[in-house]
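Novice: Starting from the given sequences, assemble the full structure and let the hints guide the process.
There are 2 protein chains.
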Amino acid sequence: MNIVITGGAGFLGARLARALLARGQLALAGAPAQTIQKITLVDQIAPPADLAADPRVRAMVGDLNALLAAGPARPVVGADDALVFHLAAAVSGECEADFDLGMRSNLDTIRGLLEACRHLKTAPTLVFASSLAVFGNSPEQPLPAVITDTTLPTPQNSYGIQKFIGEQLVADYGRKGFVRGRNVRLMTVSVRPGKPNGAASSFFSGMIREPLAGIRAVCPVPPDTAVALLSPSRTITSLIRSAEASDKEWGARTAINFPALTTTVADMAKALERVAGPKVASLIDWTPDPVIAKIVLSWPARVDAERARGLGLLPDADFDAIIAEYLSET
Amino acid sequence: MNIVITGGAGFLGARLARALLARGQLALAGAPAQTIQKITLVDQIAPPADLAADPRVRAMVGDLNALLAAGPARPVVGADDALVFHLAAAVSGECEADFDLGMRSNLDTIRGLLEACRHLKTAPTLVFASSLAVFGNSPEQPLPAVITDTTLPTPQNSYGIQKFIGEQLVADYGRKGFVRGRNVRLMTVSVRPGKPNGAASSFFSGMIREPLAGIRAVCPVPPDTAVALLSPSRTITSLIRSAEASDKEWGARTAINFPALTTTVADMAKALERVAGPKVASLIDWTPDPVIAKIVLSWPARVDAERARGLGLLPDADFDAIIAEYLSET
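As given, the protein sequences belong to chains A and B, one line each in that order.
Each residue of the first sequence is one higher than the one before, counting from 0 in numbering that gives the first Met the number 0.
Each residue of the second sequence is one higher than the one before, counting from 0 in numbering that gives the first Met the number 0.
Be a bit skeptical, because a hint or two may be false.
[What the hints assert, rightly or not] Cross-link-like lysine-lysine pairs, in silico, DSSO-like; alpha carbons within 27 Å at most:
hint, chain 1, residue 1, chain 2, residue 2
1, B, Lys120, B, Lys37
2, A, Lys194, A, Lys120
3, B, Lys175, B, Lys247
4, B, Lys293, B, Lys194
5, B, Lys194, B, Lys278
6, A, Lys247, A, Lys175
7, A, Lys194, A, Lys293
8, B, Lys120, B, Lys175
9, A, Lys269, A, Lys293
10, B, Lys194, B, Lys269
11, A, Lys37, A, Lys120
12, A, Lys293, B, Lys247
13, B, Lys120, A, Lys293
14, B, Lys175, A, Lys293
15, B, Lys293, A, Lys247
16, B, Lys293, A, Lys175
17, B, Lys293, A, Lys120
18, A, Lys247, A, Lys120
Hints were generated in silico from the structure; no laboratory data involved.
Specialist: Written out as C-alpha cells, the structure reads:
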C-alpha cells in the first residue's frame, strides 16, 4: 500500500509517517491489513533526515498548488496511492492576517487535491484534517456549552471557514464516489515540539515547551481561558484510526470531532509547576494579546466527541500526562 | 442607488427587478430610503422586453464567470453599485448530472463575485440566494422533524453543497468587511410560470401550471411527498426585506431560512381540483422518476423560519391561495 501525506514534513505529518512506518502495515477502511510500501511526503520543505533515510519514503517538495497544477505528468497522488492524509495548511493566525494566502493554501489545495483524486478513478481514501476552529463563538450566535458532532459550525475566522468548506467538498466528492472521504476535526495539539508558528493556538504549546527549555514564554489569554486539547500521540492514533474505520463504522460524511481534554491555561501552568517546579512555571509571562485572544476565545473548549468515542478514540487523562509524554520524547 | 441582479433575466430575477422598479426606492440595511436609479441585469440571456424598455435597466449578457474575469475594465459590480442580488445558479438536477458545471456555476461564480466586491473597497450589500437544498436527509444522518435556522446542513446533492459553501464564503467576506452579506435560503418556489427547467423541484410548478394550460404533467414522487413551498410574490418580498434589514435586525452571518408552507403533492393536486375542477386535476400523471425522487425526497418539508419571522416574513396561508395568485397573474 502506498500513502501520501501532504504537510508530510511538518510536525504532525512527520510523526504520522513515523507511526505508519513503525507499524509497517495498515488495514484501510476495514479491508485486510496490507504492507505499507511507499509513503510520499509532500511539503514545502524536505522531510526530516530520519524519514528521508527510510527507503520507503519519497519526498515531493514544493508549493502544493503548483505541484497539483503539474497534473498527471508528475502526480501528487497516483493511481497506486490508496490513502491520502491532507494535513498541509496555512494556520489560523496567518490566514487572518493574509486572506489570500488562506484561500490559496486551505481552499484551492483541497479542491485541487480532490480533483486530482477524482481523475484517477480509483477513489482513494482521503483523510482531511479539519479543525476545531470551524466552531466560533459570537455575540450574535453564542456557541452551545458543549460542542457535538452535529453542532452547526459558525466559524469566526477565515481559517475555520476554509476548513469547513473543505469538509463540504470532501463530503460531496465522497458522496459522488470520487474519493472515500474522512473528515476529521483536530483539536488543539499540545505539547508540540519545535518552534512557535503562526497559529493563534501556538502558545498552547509554547507556554509549556519554552519554560521547560529555560526560556520565557507568553500566555496571551486570561488564566481562566478554557481549551480543548489532544496530545500529539493521540492525534496521530486518531488520524490512523480514521483511515482504518470501515464505511459502516464511519457513518455520515460530515466531520467527526476528535476527542479532547478540557482544561484552562491556569491549570496547564499548575500542571507545569507540578511536573517541573515553580521556577519553570514562573517563566510564563501573562501578557494579553488582543489579536490572538480574539481568535482563541471564539473557539469552544468542551467537546462531546461521540463518533470518535464510537471508534474507540478517547482524550488524554489529564495535562500532567501530556507534559510527561512530551518530556519522555525530548 | 444602483442595484445588480445576477440571474436577472430569469423568472425570479426579472420579477425582483420589476418589484424594485415599481417601488422606485429602497432603504438599504436600515439606511434612509434612496431612489433606485439603475438596475443591472446580469444573465446569459437578454432581459424580458418590458425590463429592457425601462430607462433605469441595463443588461449585461454573458457567462458570469467570463464577465467577472474581465475585471475592473468592464465590472459586473462597480463602485457605484450599493446592492447585489446573486440569484444566478445552475439548478439541482443539472449539477447532479454535470458535476463540473455545478462547481463552475455555483462555486466559482460566488467566489468571483465576492472578490469583485472586495476589490471595490465599498463593501456593497450582497444578498446570496442559497437554498433549502443545503438540507439533505440520509440514512446515516436523518434530518430532524423540523428544520430551524441552526440545524446543521448535511447536503445530499452537489447543488446543496455548492450553495452551502457559498454561504460560508459570504459569511467570511462579510465578517472581514469586504461586503455586507445576507445569506438567505429560498424554499421551493411554486407556482413558477414558463417552462420546466433542470431543477429537480421543477415539477412542483409544472404539475399545477401545465394542467391549468390543458397540458398533461408528471408528478414524479409519491402522493404523500411533503414539500416546503413559498409563492413567487413572498419570495420576492423576502429577498427585498433581506436587503433592507439593518445589521442589528439581521443578526448572525449564517443563513436564514425563508418561511415555507408545508404541504404534500397530493394536497397540491386537491387544491388544483378545488380551484380548477377535476378535469384539470386529472391531467397530472403520477409517474415515479427515481432520479428526481432521490433528490427531492432528501429535502426537508418542515421549516421553522424563526429569523425570517422576526423580520416580518411569513409563509403563504395555503396552496389554494398560491394557485389563485398564479391565475391572477397569467
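Novice: All the hints need checking, so say for each whether the structure fits it.
Specialist: Comparing the hints with the structure gives:
1. B:Lys120 - B:Lys37: 20 Å, holds
2. A:Lys194 - A:Lys120: 40 Å, violated
3. B:Lys175 - B:Lys247: 17 Å, holds
4. B:Lys293 - B:Lys194: 22 Å, holds
5. B:Lys194 - B:Lys278: 22 Å, holds
6. A:Lys247 - A:Lys175: Holds. A:Lys247 to A:Lys175 sits at ~17 Å (cutoff 27 Å).
7. A:Lys194 - A:Lys293: The hint holds at about 22 Å.
8. B:Lys120 - B:Lys175: 11 Å, holds
9. A:Lys269 - A:Lys293: Holds - the C-alpha atoms of A:Lys293 and A:Lys269 are around 24 Å apart, at most 27 Å.
10. B:Lys194 - B:Lys269: Given that 27 Å is the threshold and the Cα spacing comes to 22 Å, the pair holds.
11. A:Lys37 - A:Lys120: 20 Å, holds
12. A:Lys293 - B:Lys247: 21 Å, holds
13. B:Lys120 - A:Lys293: 24 Å, holds
14. B:Lys175 - A:Lys293: 14 Å, holds
15. B:Lys293 - A:Lys247: Given pair B:Lys293, A:Lys247 holds - Cα atoms ~21 Å apart, limit 27 Å.
16. B:Lys293 - A:Lys175: Status holds; Cα separation ~14 Å.
17. B:Lys293 - A:Lys120: 24 Å, holds
18. A:Lys247 - A:Lys120: 22 Å, holds
In summary, the structure is inconsistent with hint 2 from the numbered list given earlier, while agreeing with all the others.
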